[in-house]
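> Just so you know, the protein sequences line up as chains A and B, in that order. For the record, in the first sequence the residue sitting at position 109 is 109 according to our numbering, with numbers rising by one throughout. For the record, in the second sequence the residue sitting at position 140 is 1140 according to our numbering, with numbers rising by one throughout.
Hints should not be assumed to be uniformly reliable.
If you only want the chain B side, here are some residues facing chain A, beta carbon under 7 Å, derived [as the list claims (entries may be wrong)]:
{"#": "1", "residue": "ALA1010"}
{"#": "2", "residue": "PHE1041"}
{"#": "3", "residue": "GLU1067"}
Taking CB as the label site, the calculated pair distances span [as the list claims (entries may be wrong)]:
{"#": "4", "chain 1": "B", "residue 1": "LYS1221", "chain 2": "A", "residue 2": "PRO145", "range": "52 to 58 Å"}
{"#": "5", "chain 1": "A", "residue 1": "LYS47", "chain 2": "B", "residue 2": "GLN1222", "range": "55 to 61 Å"}
{"#": "6", "chain 1": "B", "residue 1": "GLY1043", "chain 2": "A", "residue 2": "LYS201", "range": "36 to 42 Å"}
The calculated DSS-like cross-link candidates involving lysine-lysine, where the alpha carbons are at most 25 Å apart (straight line), are [as the list claims (entries may be wrong)]:
{"#": "7", "chain 1": "A", "residue 1": "LYS68", "chain 2": "B", "residue 2": "LYS1068"}
{"#": "8", "chain 1": "A", "residue 1": "LYS18", "chain 2": "B", "residue 2": "LYS1068"}
{"#": "9", "chain 1": "B", "residue 1": "LYS1238", "chain 2": "A", "residue 2": "LYS15"}
{"#": "10", "chain 1": "A", "residue 1": "LYS77", "chain 2": "B", "residue 2": "LYS1129"}
{"#": "11", "chain 1": "B", "residue 1": "LYS1230", "chain 2": "B", "residue 2": "LYS1179"}
{"#": "12", "chain 1": "B", "residue 1": "LYS1129", "chain 2": "B", "residue 2": "LYS1176"}
{"#": "13", "chain 1": "A", "residue 1": "LYS129", "chain 2": "A", "residue 2": "LYS176"}
{"#": "14", "chain 1": "B", "residue 1": "LYS1146", "chain 2": "B", "residue 2": "LYS1292"}
{"#": "15", "chain 1": "A", "residue 1": "LYS47", "chain 2": "A", "residue 2": "LYS15"}
{"#": "16", "chain 1": "B", "residue 1": "LYS1238", "chain 2": "A", "residue 2": "LYS18"}
{"#": "17", "chain 1": "B", "residue 1": "LYS1015", "chain 2": "A", "residue 2": "LYS68"}
{"#": "18", "chain 1": "B", "residue 1": "LYS1077", "chain 2": "A", "residue 2": "LYS68"}
{"#": "19", "chain 1": "A", "residue 1": "LYS15", "chain 2": "B", "residue 2": "LYS1068"}
{"#": "20", "chain 1": "B", "residue 1": "LYS1292", "chain 2": "B", "residue 2": "LYS1077"}
{"#": "21", "chain 1": "A", "residue 1": "LYS68", "chain 2": "B", "residue 2": "LYS1018"}
{"#": "22", "chain 1": "B", "residue 1": "LYS1176", "chain 2": "B", "residue 2": "LYS1292"}
{"#": "23", "chain 1": "A", "residue 1": "LYS230", "chain 2": "A", "residue 2": "LYS292"}
{"#": "24", "chain 1": "B", "residue 1": "LYS1179", "chain 2": "B", "residue 2": "LYS1146"}
{"#": "25", "chain 1": "A", "residue 1": "LYS77", "chain 2": "B", "residue 2": "LYS1018"}
{"#": "26", "chain 1": "A", "residue 1": "LYS129", "chain 2": "A", "residue 2": "LYS119"}
{"#": "27", "chain 1": "B", "residue 1": "LYS1018", "chain 2": "A", "residue 2": "LYS238"}
{"#": "28", "chain 1": "B", "residue 1": "LYS1015", "chain 2": "A", "residue 2": "LYS238"}
{"#": "29", "chain 1": "A", "residue 1": "LYS263", "chain 2": "A", "residue 2": "LYS230"}
{"#": "30", "chain 1": "B", "residue 1": "LYS1077", "chain 2": "A", "residue 2": "LYS292"}
Worth flagging that the hints you see were computed from the coordinates, not collected in a lab. Idealized CB from N, CA, C, for every residue including glycine.
Spelled out from the first residue to the last, the chains are:
Protein chains: 2
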Amino acid sequence: MSFNVNAEIAVCGGKLLKLSHYSDVVNNTMDVNIYLPQQYFTGSNGKPIPSIYFLSGLTCTPQNASEKAFWQLQADKYGFTMVFPDTSPRGEHIPDDPAYDFGVGAGFYLNATQEPYKKYFQMYDYVHKELPRQLNQYFNNNKNPKLDFLDNVSITGHSMGGYGALSGYLQNYHSKKYKSCSAFAPIVNPMNVPWGQKAFKNYLGNDRLTWRQYDPSELVKQVHNYGDDKILIHQGTKDPFLNENLRSNLLIEAARGTSWEDKIDLRMVDGFDHSYYFISSFVPIHAEFHAKHLGLI
Amino acid sequence: MSFNVNAEIAVCGGKLLKLSHYSDVVNNTMDVNIYLPQQYFTGSNGKPIPSIYFLSGLTCTPQNASEKAFWQLQADKYGFTMVFPDTSPRGEHIPDDPAYDFGVGAGFYLNATQEPYKKYFQMYDYVHKELPRQLNQYFNNNKNPKLDFLDNVSITGHSMGGYGALSGYLQNYHSKKYKSCSAFAPIVNPMNVPWGQKAFKNYLGNDRLTWRQYDPSELVKQVHNYGDDKILIHQGTKDPFLNENLRSNLLIEAARGTSWEDKIDLRMVDGFDHSYYFISSFVPIHAEFHAKHLGLI
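Just chain A, same shape as in the assembly (with noise of 0.2 Å):
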């Protein structure tokens, strides 16, 4: 479990680094970014430092987030560590199609069970079992850690990516895996939205029962929430993919009646649209909705 750090770069109080490991599950060298917050370096009163996991949208790498989303300001005002995986495997060697929604750039978060692409595509078990496990190995190799990518941790994405949170938050709920969860103008119905069907169809065949396990307006039917959690969504009324691929609204009308209801916090923000500036006037108040639930305020 080792990493290369290809790029240590000082942001705000920290450090964003740029590192790259060899994935067992993706049969695959990953890149990820991580930035350490100032208290990484300055003393975090003992505890740990909790995580968020930001997963990317489609094409994106883990710079785009890094450089544009602005997280490390609110990282340093909190206390937490950001963690940016890429959205799929790289390589001339990965299976790949012509178009931007699929292949390359476009892991979808799921295991892919379709040749060619079950070797690469295991984005799930990547994202949500290996790259936490390898992270706190590779930074905490006392029995005193300072990092904790792995229990105090919350997930929240982009788009694609947003997708990805709800659907891993979701999907390990009942383990109380993740703390709490976002969502930036994500894929809520990936099963109804052509972005989401090209996807399904190629990595998972075209039995529709399987495709239930990874779409969040399925999971809230199937994951009951005894509790009070609450996921909050923003959504920009001039996001140019709202209607045909994001569709924010089947997700209130998929969680009407189940445990779910009330409980999606979609908030409609007039005029923004999909791109990194939209993202980046809500993370403010993504930080510190996650903060309050990692026990940071």
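Given the structure of chain A, go ahead and fit chain B onto it with the hints provided.
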């Protein structure tokens, strides 16, 4: 004096406008981005909203700083407009150089006197005179101006744009055109570093006497600071351009024995590089510095 609004993007509490307009001084269409803070939309207590001009570095367009410097949150906090001019005229017909450090994307904020550049590379007159006048006319077509692009304004910039800010501030110091000046990793003594020498020679010719009017380390000797005005500069210690092209210590040395001695607040920041990660980390401090001089706090 008309501007095309190519995009209007919701960001934080305000709007980013991607504009283009015809410049009579550079004989070409120019791009410029403007961030209008939330106070423009919610009201600013009757006072016109002041502006900060951010001059970008080599190769940049107005997009880089708009996306990565993250001024918007600060603009909303204090209530100032941000102006992001381009670094040169652009187009197939603009005389260019194959290198990144001269020609398109590298206007050096001066008025070229040499062929074939002088027709288009009049960036000093563009940035400090024509653009502010055009913006003031375009946004304030009534007797109660809401936005001030001309009078209550400050200037800052990065690298080549840091030199541009220092140079423009000092050249206009006695007319008090700018209320304050700061810079991120500026070229402080272009006459004596490779980037500056290449640009000055090609734009201004071989007479080094004419170079002096643009060189901050010469201007501090020529321009008397009668008050207590300070210039704020941040410079990263791991900046790869520090030793050959930026050499911030040369400005401190030049100011010694002049009215600017101890008025250049140069802050060497440990471990920071030349990127927008560096800029965005210190934008909050520069925003507060300018906000004080603009009467906002």
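> Please go over all the hints and tell whether each is borne out by the structure.
Evaluation of the provided hints:
A least Cβ separation of about 4 Å between B/ALA1010 and chain A falls short of the 7 Å threshold, and the interface hint therefore holds. With its C-beta approaching chain A no nearer than about 11 Å, B/PHE1041 sits outside the 7 Å limit, and its interface hint is violated. Checking B/GLU1067 against chain A by beta carbon gives a least distance of about 6 Å; that is within 7 Å, so the hint holds. Taken as a hint, the range 52 to 58 Å holds for the pair B/LYS1221 and A/PRO145, whose Cβ atoms sit roughly 56 Å apart.
Distance hint check: the CB atoms of A/LYS47 and B/GLN1222 are about 56 Å apart, consistent with the given range 55 to 61 Å. About 52 Å separates the C-beta atoms of B/GLY1043 and A/LYS201, a value inconsistent with the hinted range of 36 to 42 Å. About 5 Å separates the Cα atoms of A/LYS68 and B/LYS1068, which keeps this hinted pair within 25 Å; it holds. With a C-alpha separation of about 18 Å, the suggested pair A/LYS18 and B/LYS1068 falls inside the 25 Å cut-off, and the hint holds.
For a cut-off of 25 Å, the pair hint linking B/LYS1238 to A/LYS15 stands: about 13 Å separates their Cα positions. Under the criterion of a C-alpha separation no larger than 25 Å, the hint pairing A/LYS77 with B/LYS1129 is inconsistent with the structure, at around 40 Å. Of the pairs offered as hints, the one joining B/LYS1230 and B/LYS1179 holds, with about 10 Å between alpha carbons and a cut-off of 25 Å not exceeded. For the hint pairing B/LYS1129 with B/LYS1176, the CA-to-CA distance comes to about 14 Å; that is within 25 Å, so the pair holds.
In summary, the hint linking A/LYS129 to A/LYS176 is supported, as the alpha carbons are separated by about 14 Å, within the 25 Å threshold. Using a Cα cut-off of 25 Å, the hinted pair B/LYS1146 and B/LYS1292 holds, with the two alpha carbons roughly 20 Å apart. Under the criterion of a C-alpha separation no larger than 25 Å, the hint pairing A/LYS47 with A/LYS15 is consistent with the structure, at around 19 Å. With a C-alpha separation of about 17 Å, the suggested pairing of B/LYS1238 with A/LYS18 holds against the 25 Å cut-off.
At roughly 17 Å between alpha-carbon atoms, B/LYS1015 and A/LYS68 fall within 25 Å of each other, so this suggested pair holds. At roughly 19 Å between alpha-carbon atoms, B/LYS1077 and A/LYS68 fall within 25 Å of each other, so this suggested pair holds. For the suggested pair A/LYS15 and B/LYS1068, the alpha carbons sit about 17 Å apart, so the restraint of at most 25 Å is met. Restraint check for B/LYS1292 and B/LYS1077: the C-alpha separation of about 13 Å stays at or below 25 Å, so the hint holds.
At roughly 18 Å between alpha-carbon atoms, A/LYS68 and B/LYS1018 fall within 25 Å of each other, so this suggested pair holds. At roughly 16 Å between alpha-carbon atoms, B/LYS1176 and B/LYS1292 fall within 25 Å of each other, so this suggested pair holds. For the suggested pair A/LYS230 and A/LYS292, the alpha carbons sit about 12 Å apart, so the restraint of at most 25 Å is met. Taken as a hint, the B/LYS1179 and B/LYS1146 pair is honoured in the structure, with Cα atoms around 19 Å apart against an allowance of 25 Å.
For the hint pairing A/LYS77 with B/LYS1018, the CA-to-CA distance comes to about 31 Å; that exceeds 25 Å, so the pair is violated. About 17 Å separates the Cα atoms of A/LYS129 and A/LYS119, which keeps this hinted pair within 25 Å; it holds. The suggested pairing of B/LYS1018 with A/LYS238 holds, with an alpha-carbon distance near 17 Å, which does not exceed 25 Å. Proposed proximity of B/LYS1015 and A/LYS238 is supported: the alpha carbons are some 13 Å apart, at most 25 Å.
Distance check on the hinted pair: A/LYS263 and A/LYS230 sit about 5 Å apart at the alpha-carbon level, within 25 Å; holds. The suggested pairing of B/LYS1077 with A/LYS292 holds, with an alpha-carbon distance near 23 Å, which does not exceed 25 Å.
Checked against the numbered hints above, the structure violates hints 2, 6, 10, 25; every other hint is satisfied.
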